[in-house]
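All chains should be built: construct the whole structure from the sequences, respecting the hints.
Spelled out, the chains give:
Number of protein chains: 4
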Amino acid sequence: MPQNTQAMLQTHPNPGSVFDQGALAACIDACFECAQVCTSCADACLSEQGHLMHLVHCIRLNFDCADVCGATGRVLSRLTQPDQNVLRAQLQACLAACQACGNECEMHARDMNMQHCAVCAESCRRCEQACQQLLGSTSA
Amino acid sequence: MPQNTQAMLQTHPNPGSVFDQGALAACIDACFECAQVCTSCADACLSEQGHLMHLVHCIRLNFDCADVCGATGRVLSRLTQPDQNVLRAQLQACLAACQACGNECEMHARDMNMQHCAVCAESCRRCEQACQQLLGSTSA
Amino acid sequence: MPQNTQAMLQTHPNPGSVFDQGALAACIDACFECAQVCTSCADACLSEQGHLMHLVHCIRLNFDCADVCGATGRVLSRLTQPDQNVLRAQLQACLAACQACGNECEMHARDMNMQHCAVCAESCRRCEQACQQLLGSTSA
Amino acid sequence: MPQNTQAMLQTHPNPGSVFDQGALAACIDACFECAQVCTSCADACLSEQGHLMHLVHCIRLNFDCADVCGATGRVLSRLTQPDQNVLRAQLQACLAACQACGNECEMHARDMNMQHCAVCAESCRRCEQACQQLLGSTSA
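Protein sequences appear in the order of chains A, B, C and D. Numbering-wise (the UniProt record's numbering), the first sequence opens with residue 1 and increments by one. Numbering-wise (the UniProt record's numbering), the second sequence opens with residue 1 and increments by one. Numbering-wise (the UniProt record's numbering), the third sequence opens with residue 1 and increments by one. Numbering-wise (the UniProt record's numbering), the fourth sequence opens with residue 1 and increments by one.
Mixed in with the good hints there might be a few duds.
Computed list of chain D residues with no C-beta within reach of chain B, every gap over 12 Å [what the hints assert, rightly or not]: (1) GLN3; (2) VAL18; (3) ASP20; (4) PRO82; (5) ARG88; (6) ALA118; (7) GLU122; (8) GLY136.
Beta-carbon label-pair distances, calculated as ranges [stated by the list, open to error]: (9) LEU52(B) - HIS51(C): 51 to 59 Å; (10) ASN14(A) - ASN103(B): 19 to 27 Å; (11) ASP111(C) - LEU135(B): 27 to 35 Å.
Simulated from the structure, these hints should not be mistaken for lab results. If you're wondering where the values come from, they're calculated on a predicted model, not measured in any experiment. A virtual CB, placed ideally from N, CA and C, is assigned to each residue, including glycine.
Right, here's the structure in full:
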């Protein structure tokens with residue numbers, strides 16, 4: 001599926017950002033993708049009849065991560081007159097949520113052979129790194 | 001950016017759906033993409049200094065569409081014990097939101113040469129068609 | 001806690017609405033409240049160790065209802081240049097989600113003595129009725 | 001309108017929290033209320049025909065604050081097996097968003113006599129203080 005994230009940043013009347021534009025587009029995409037995948041992983045865990053009791057913490061973290069990534073993706077999608085404190089604090093929260101959820105999913109992928117957790121851990125790691133990179137980037 | 005939507009559907013312990021799986025994955029992706037692009041288009045419109053007064057209706061519809069697509073994408077991402085009435089009613093709402101926003105953006109792209117509106121109209125149309133197709137599909 | 005919903009509608013520069021203003025404020029409040037309560041009920045169900053397997057459908061409907069009510073509450077909070085098709089279709093989806101979730105929670109409150117489901121059913125019924133009333137109302 | 005937030009916390013099968021329960025209920029309510037009011041204030045600003053150009057920064061901060069408060073309210077509504085890092089980081093982000101938006105709205109209420117901004121500033125301040133209090137509280 002084509003992603004229009006980059007096209008939207010490029011056609012913005014005021015495309016300057018506090019962040020590097022490539023890193024920004026990557027982070028927006030990673031946030032929306034992680035929100036989708038975490039919503040999906042919580043639901044997959046909920047259908048794991050024999051293992052449900054062991055997946056309660058995972059479901060909890062999936063939902064937190066989906067909510068936090070969703071809000072972060074929306075905040076980052078705006079370029080108009082941002083507040084740097086808000087951007088940075090929300091990126092820090094997104095980092096924390098992706099880290100916690102990625103760790104938990106990685107464990108279930110390894111120890112319980114949960115394939116959906118393996119996919120979800122990958123999306124969490126990508127989003128975690130994209131947030132880290134964005135926090136370290138500055139626009140020219 | 002790789003999309004893990006399909007991978008999540010395929011690793012779900014209970015992958016049966018009331019909808020065809022390919023059409024479902026396409027619609028989930030279209031919903032999340034449209035939520036991002038509409039958030040971005042509202043912000044781009046807000047930065048159009050000379051034209052802002054003419055873009056108020058567009059901003060309004062962008063926000064409605066972003067909210068409705070976001071909720072629809074989350075509801076569709078769940079396969080576990082769905083309620084068909086909820087799924088169908090939310091898909092109908094998503095169709096209406098994408099249609100209204102797509103029409104408005106198309107007009108601004110054509111009459112005011114707004115490039116971000118052209119990109120947004122494309123995402124709205126894709127999501128509108130994906131919802132239409134999903135409403136018409138049934139799983140084998 | 002004081003609710004500022006009504007105060008916001010009254011201080012809006014353009015307070016006319018396609019709906020009756022009292023019914024609108026009640027429905028906005030009911031949507032946000034139901035989104036909170038359904039999020040909370042899904043989490044309470046997830047902590048019901050001995051009964052978790054019987055609450056999977058309830059958790060599923062709680063999440064759908066939370067997402068749909070959240071989006072509906074945001075769409076209704078806007079008065080500026082609305083699209084009636086979008087408003088009505090989203091209200092229909094909200095009705096369907098509250099009905100499905102309210103029915104399920106009512107059953108668990110009655111048959112399994114789940115107190116959080118009893119509270120949640122009450123919020124779902126209030127929101128369902130508020131949507132119904134709004135769909136039947138027209139502004140003077 | 002009755003708020004069921006407290007009732008949901010009290011009927012939770014596992015009501016212990018990392019936070020004091022009264023402070024938690026107050027903060028959840030403040031987050032959902034602020035999400036509603038900020039959505040409404042952005043829309044009211046968008047309808048201020050003569051002043052729209054001066055309200056662009058306010059609209060931007062309203063939307064950030066609505067998104068961040070919405071996500072925070074959902075994360076806080078869960079008691080099951082939380083991750084303290086995620087909770088604290090998201091509360092910090094909510095504090096930052098409410099502070100930025102509250103400052104901007106306060107200015108427009110004072111200098112431009114914007115009544116909706118006065119109401120919104122009040123909701124932002126209440127949410128800011130509720131986050132601060134929650135970050136300082138610990139459960140017995």
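Hints, verified against the model:
1. GLN3: Check passes; 23 Å lies beyond 12 Å.
2. VAL18: holds (27 Å)
3. ASP20: Holds, since 31 Å exceeds 12 Å.
4. PRO82: For PRO82(D), whose nearest Cβ neighbour in chain B is about 21 Å away, the distance exceeds 12 Å, so it holds.
5. ARG88: holds (25 Å)
6. ALA118: It holds; ALA118(D) is separated from chain B by about 22 Å at its closest Cβ, greater than 12 Å.
7. GLU122: holds (23 Å)
8. GLY136: Correct as stated: the minimum Cβ-Cβ distance to chain B is 33 Å, above 12 Å.
9. LEU52(B) - HIS51(C): 51 to 59 Å: holds (54 Å)
10. ASN14(A) - ASN103(B): 19 to 27 Å: Since ASN14(A) and ASN103(B) have Cβ atoms about 26 Å apart, the given range 19 to 27 Å holds.
11. ASP111(C) - LEU135(B): 27 to 35 Å: holds (34 Å)
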